[in-house]
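**Student:** So the protein sequences, as listed, match chains W and L.
The numbers in our numbering rise by one with no breaks, and the one at position 315 of the first sequence is 315.
The numbers in our numbering rise by one with no breaks, and the one at position 225 of the second sequence is 225.
Keep in mind the hints are simulated off the structure, nothing from the lab.
These numbers were taken from a predicted model, which means no experiment stands behind them.
Be aware that one or more of the hints could be misleading.
Remember, identical chains collapse to one label, so a pair may be satisfied in a single copy or spanning two.
[Claimed, not checked] Straight-line distance between alpha carbons at most 27 Å, and here's what the computed DSS-like set of lysine-lysine pairs gives: (1) 262 <-> 120; (2) 144 <-> 262; (3) 144 <-> 265; (4) 12 <-> 262; (5) 70 <-> 26; (6) 70 <-> 310.
Number of protein chains: 2
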Amino acid sequence: MAHINANYLNIKESYLFSEVANRANKYKAENPGADVIRLGIGDVTRPLCPAVIEALHSAVNDMSETETFKGYGPEQGYGFLKESLRAYYAEKGVELDIDEIFVSDGAKSDLGNILDIFSKDNVVLVPDPVYPVYVDTNIMDGRKIVYLSANESNNFLPLPDENIKADLIYICSPNNPTGACYNREQLTQWVAYARKNNSVILYDAAYECFVSDDSLPRSIYEIEGAKECAIEFCSFSKTAGFTGTRCGYTVVPFALERDGHKLNKFWLRRQTTKFNGVSYIVQKAAAAVFTEEGKKQIYENINYYKENAKTITDTLDRLGIWYCGGKHSPYIWFRCPDNMGSWEFFDALLSKANVVGTPGEGFGENGKGYFRLTSFSTHENTKEAMKRFEKAFGNNG
Amino acid sequence: MAHINANYLNIKESYLFSEVANRANKYKAENPGADVIRLGIGDVTRPLCPAVIEALHSAVNDMSETETFKGYGPEQGYGFLKESLRAYYAEKGVELDIDEIFVSDGAKSDLGNILDIFSKDNVVLVPDPVYPVYVDTNIMDGRKIVYLSANESNNFLPLPDENIKADLIYICSPNNPTGACYNREQLTQWVAYARKNNSVILYDAAYECFVSDDSLPRSIYEIEGAKECAIEFCSFSKTAGFTGTRCGYTVVPFALERDGHKLNKFWLRRQTTKFNGVSYIVQKAAAAVFTEEGKKQIYENINYYKENAKTITDTLDRLGIWYCGGKHSPYIWFRCPDNMGSWEFFDALLSKANVVGTPGEGFGENGKGYFRLTSFSTHENTKEAMKRFEKAFGNNG
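Just chain W, with the same shape it has in the complex (with noise of 0.2 Å):
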């Protein structure tokens, strides 16, 4: 008799995003009229860049002809797009050798994955708010799951709990959903703690291209100690909008072992026998983006959604209203205004300003009462959402 694996039964279904769906759809339903703006979406708009594009054509006419077709590649990823790596984090000061970095189809299957190589008997600590795959991949081996409260008073940047002993310690920034982005000395202060107590940090760098001041860390081997207590996982996705295209990549240091043994080589196990490889022609298209045409393009993309992110800063902080977020991140993260819940709000914003947003609560307990704004639409649209919002909450900021 074959059984189903238990702890699936106790992840919590979450409605947030359908019932944003819901709720959007029966005020357009009820008011036919309505443009309604969608500030809610995580993910990008903007077309894949040029010299993409021109990868992607080139490495399909590759797959073409028997001379230069390509069958299976090595499944941590081509050795031209692993150096394209390398070079990327050299430019941030971090030396890695080519075989501590593994190319996947991206971060969010390998948030995921990871934990394979893990005792399902890890304690887990994840912040609240999070973004929910942290906490459901855990649920799903059964593994015991610590909160931390991100709060007001932290600036959502929480800091390490000598009275929390955690193994498995889940860090995201610049944040998802709060934008917040920790600075040095306290990317420090958790690499001291996880080094203490032999945990393992599960470092999310998804949204590090948006850093846009030079003393915040892009990575975690920017803090000493790090390659020996840290996993990282990075994306093209919001980097190069390749949230359709698929391509991620996760650092496991040589230096990181726990139980006498090196992860790097577990995670290569794992890779190795539950996976084949990225499609060559994605890891074409991802090594075009560090050609220095592709870091261009790119960066026009990444600082077309940063003027979106102003102009609603911009509107938070004429109206007095507390957020973080926006400067470091393609999220924008709020209080909302008149001490409204997440949801009462959801619904103020969507009849008096025709914008739909996502509640805070979604993320966990302590985003009651915070909403996210994304900057991932156009600026015409961006614009005319934050006027609305400006003309329906002014009086309240």
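Given the structure of chain W, go ahead and fit chain L onto it with the hints provided.
**Tutor:** What follows is chain L alone, placed relative to chain W:
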């Protein structure tokens, strides 16, 4: 203190393909003039067909314009591809709902990841010889594995043994590495056994497109009752030469329940939590395989490989060497001449005929004394290799 998943320490390192490469390279170094032909690889060599190339270029163009750009897609695959797959199954007489089909980056990923939804206490049945991934992925989870003997007396197609109880049953047909293919009556016995014991069959159909005889099943669901006891894995890798392009699919029927829960819902939850879908570009390419042109073109490639298989089996027939596979599979599995051991024959074939193949014992105990050749080389090289084979071992046939 973070701890590793100690089950990983129980995985046996496989030296099969590295040892094959080492011996071949050593021979090349010692005999620089030798024209060594490789018939060991399990990878396609023919380029992607024109219909697929055209779809790839078109999809790349979609990604270059705001209006047609695609961000995150459904984790379980785009409707356009799932509709094509549903129609493909309908041609085999299998009716599926579109939401019973999940698109992925390949059968290897899904075969590994599917285990997430099953209890670690399930006992697993695998045939010997076997695709090593079935074994290693279960060792990683600490499951008990029992083996079923595939051998000459059962034509490497073992049938259920009521004395062996198992919860999860791996069946690969046409088989890797033996090329043997179950008929309808044999699969009916497996379905009956699984239903009686409430087991779940994990059916690897990656080579179904090589089945040449309409009376042989190309899907487990051609067998009555299979939807209540089987999950099917398939791939575009061998069907359309996607080994380096990466696309596969898995079918989890709604009728399949264990412990009172639909496994379809569990797999959907797994994939939406730990996966973010396959590249839009690749899914468009996969859908092109099912156009009239695409089907015609991929079968030209499949038939090209089948001609190579015939070149190999004709030689073995002439030499009176026992074999299976080749007719409905790109693999030919044969008894080593002169009662040689697998590695002994590897060395003899390399030195006498300058041909590289794969020793059967790399796939399990029952592979000892057997050998695998593949049909993925060119006509020219396959003919030359078998001419040399016949010359070297003809007197011993």
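**Student:** State for each hint whether it applies.
**Tutor:** Here's how the hints hold up against the structure:
no.	hint	in the structure
1	262 <-> 120	both (18 Å within a copy, 25 Å between copies)
2	144 <-> 262	both (24 Å within a copy, 26 Å between copies)
3	144 <-> 265	both (26 Å within a copy, 24 Å between copies)
4	12 <-> 262	between (34 Å within a copy, 17 Å between copies)
5	70 <-> 26	between (49 Å within a copy, 25 Å between copies)
6	70 <-> 310	between (44 Å within a copy, 25 Å between copies)
Against the hints set out earlier in the document, no violation occurs for any number.
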